[in-house]
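A.B. asks: If you want the building blocks of each chain, they are given just below.
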Amino acid sequence: MLREPGLLAAIAVLWGALLLFVLYPALRVALYPKVHDYGAILSDPRYGRALVHSLTMLGLSTASATGLGLLFALATTRRDLPLRRLFSAVSLLPLFSPPFVVAFGYIMLFGRNGLVTHGIFGVRTNILGWNGLWLAQTVSFFPVAAVAIRDVLETIPPSFERAARNLGASRLRVFTTVTLPLASGGIVSAALLVAILVLADFGNPILIAGDYSVLATEAWLRVQGWADVRGAAALSFVLMLPSLLLFIAQRAWAKGKAYVTIGGKASSMETEPAARPAKVFLVAACSAVSLLVILIYASLAAGSLVEGWGFDWRPTLRWFTGLGTQWIDLLHSLLFSLFAAFGSALLAMASAYLVRERSMPFARAADAIAMLPAALPGIFIGIGYSIAFNRPPLDLYGTALVIALALGAWNLSTAYQTGLESLKQVSPTIGEAASNLGATTMRIFRDIHLPLMKGPFASAFFVGFIRSITTLSVIVFLQTASNTVATFSIMNLVNDGFYGKASALSVALLALAFAAVGSGRLALGRDTRSLA
Amino acid sequence: MTYLEIAHATKSFGSLRALDDVSLGAAKGCFLTLLGPSGCGKTTLLRSIAGLQGLDSGEIRIEGRTAGEGGSRAVMVFQDYALFPHMDVRRNISYGLVLRKENKSLIERKVEETLSYLGIAGLGDRLPSQLSGGQQQRVALARALIVEPEVLLLDEPLSNLDAKLRLGIRSELKRIQQDLGVTTVYVTHDQAEALALSDLVAVMERGKVVQVGTPRDIYFRPAGAFVADFVGTANLFDALVLEAGEREGRLSAWGRIWRVGGGLPESLAGHNALFCARPESLGLGDPGDPDSIPGVIEQKMFEGSHVRYWVDTGAFTFVVDEAASLSDYELKTPVSVGFRSAAPHVVSTRGSAGGRDE
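Here the protein sequences come in this chain order: A and B.
Residue 2 is where the first sequence starts when you use the numbering used here, and the numbers rise one by one after that.
Residue 1230 is where the second sequence starts when you use the numbering used here, and the numbers rise one by one after that.
No lab work stands behind these hints: they were computed from the structure.
We put the beta carbon where it would ideally sit given N, CA and C, even for glycine.
Some hints could be false.
To be verified - Calculated lysine to any residue pairs in the SDA-like style (CA-CA distance at most 25 angstroms, straight line):
| hint | chain 1 | residue 1 | chain 2 | residue 2 |
| --- | --- | --- | --- | --- |
| 1 | A | K425 | A | F363 |
| 2 | B | K1330 | A | G7 |
| 3 | B | K1529 | B | K1561 |
| 4 | B | K1257 | B | V1441 |
| 5 | B | K1561 | B | K1437 |
| 6 | A | K455 | B | Q1359 |
| 7 | A | K425 | B | T1272 |
| 8 | A | K455 | B | V1327 |
| 9 | A | K425 | B | L1281 |
| 10 | B | K1561 | B | V1441 |
| 11 | A | K455 | B | R1355 |
| 12 | B | K1437 | B | P1266 |
| 13 | A | K425 | B | L1356 |
Said to hold, decoys possible - Which bits of chain A does chain B cover? Going by a derived footprint, with three or more residues having C-beta under 8 angstroms, they are:
| hint | stretch |
| --- | --- |
| 14 | 423–432 |
| 15 | 435–449 |
Could you build the full structure based on these sequences and the hints that come with them?
C.D. replies: Written as structure tokens, this is what we have:
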């Protein structure tokens, strides 16, 4: 290794980046507040309440989103179920949208001027509170559970269910004694993933929680209302602890509980047909949820095209033409996200390669730091960046760069995991074969690993871009008048009641996100994914 | 003259001694097989010859020069083929030559030659994922052969193929090896492959080579119970040698006298020994034969060319193969077990009287 100066330099740069951009801001959040800041937080009943609220929503929304995710996963893995393609498409939609879009759509449907509440039933209700938040979080996060559980269900060979049926078990019994136990590891793992997202959720509560404050929004209000950064940091730190615990639990669980299905070749056998009542139930439940999701997105689109939502239904384009500075915000979103996605994908692939293939010094520590952002709530990273880089030599406060860097750090873990997973699929003998034919390590990197990491790099780039362009929590603490991004601006428009403009900007943002999804699919579709 | 020479090779992984003072040699053009159960060190030895890992002590030389130094001259075909998934067949095969900076037209010519030599001429533009297992196998072989290695290393190359294909590729492998005359080291746990392909077989157990010999030696004259048992089916039993004559011998076992062929070492007379008899060296006869061991047919299996019988003699169960066209005994038929021809092979002389089950 010492004979390769390039490698040495790469490792030094990587370690520098991990320490400076991930570990340092995180430590700053923990160490910035004084002891009495923590004391003040803990003794103030306001924050005790917020903590209870956060944990209540954690329980409620995690349970409902995971349950709904399981239903969708079951519905979309059964080939004989009608509408399964629709369900699968609908369950992807919220994955690519800003988290608060659901809350916003919910206001459009059920709010004071809501299409359903006011428009159809003629009532004006106050929908702000825990119940609206519960629904919004459920709809926002069930897709995460659905995807995770579907992945597990697909690894269960249909022959297992066939075998159980053949031994005389009823369909219900097959489900409760074979399918569910085999999927249980995946379901718990999905629930833990959802729990981390619910805990960190900022967009939904800021829009519709009203007085039902949670830790994430309290941290933000602490800065907004009292300019108390220390207090906000202390709150963020308190919020981070359960998140970190959930994350560690999830990792440990995923490692220990993964069922390795014993058996030979993966069969292409058709799944067992579901029992009729089960089918009816699945289709009915998924249809209802799909209808709600579609209504939410449709109301956003419609809201951008009418004069006044709820009272003046004349069509207009003026919300789009009236977007002025907001176009600049959208451009900011685009640029920052591109930078963040590219940077995090690059750093992540380098880390994955050096950690896995080149046994770099302290590889385990590097691995832990690269995985850390996955455990950190968005506002934690945001506040970390706002206090870590606000003085010389790295005074970046208020710059575009600090936003882009924070977004990049926030995306590092998912990108890193993508890189690691794809390297794991490359058999170590492939590198050995090249070495055996006379290739140097540099040559193996250039000829084998670099080309094989193009696919994961692209995939990490697109995922990072979509995450960055749709996040609100990471950027709220870093916004200044000169570098506002679209999600922040939508939040302000909604809070000020400018629903027309807010929906127009949301539609534009969604268009950008979906364009990224589309081009990502195009780019990756051609890439052969069979790396083993 | 020894072309490939392994001298006192020793390698440990933690507390596990993967190679324990292994010494072996093979002449140029020899097909040497390392045979043993998993974990016996055969793959470790192969990887050491390839230069993929170093030894703790000892040395591996090819034509007198230490292996692994200055570019490997022993090229390996991996068990999982290790084809580069993002390169088409042509680029996979040419990789070794490109690394050697051969000129372009030469590379192109050699690639085409190799492709057609291995019968995969039409597949040059395919990606590995678009090939069947057998085709991937050929590409892996082509990638190794094209660089004209001094030693070709094959790591269980047939284990990922289905049974029918395996037999076809096995004979083709033998043909190619003889045709090119390339010195080959082959690793397998399948004794049938080892016997069929090799000029020389080295049986390994727990990091040591326990016997080196021709397939015939290994099979009929195993050096120990482990080899006898691991290579093929063996009837292993202890007996007292009563007579060791030139023409015939007599053994005493299970309280009976057993007449066998000549050829037992005279020094054995009066001693106990552990014997190995292959199922096809034994034959079934009349239950009344005074020179054989009586028993009854306990189990039988028809295997096409022969029938395998398990004969219960009370103290010991013999496995006996009879040509299918010659006999068809029913279960429970009383028979006797005798020797078809020569004396059984003496595995060791430290045995005590009485039988032992496999």
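A.B. asks: Of the hints given before, which are not true for this structure?
C.D. replies: 5, 10
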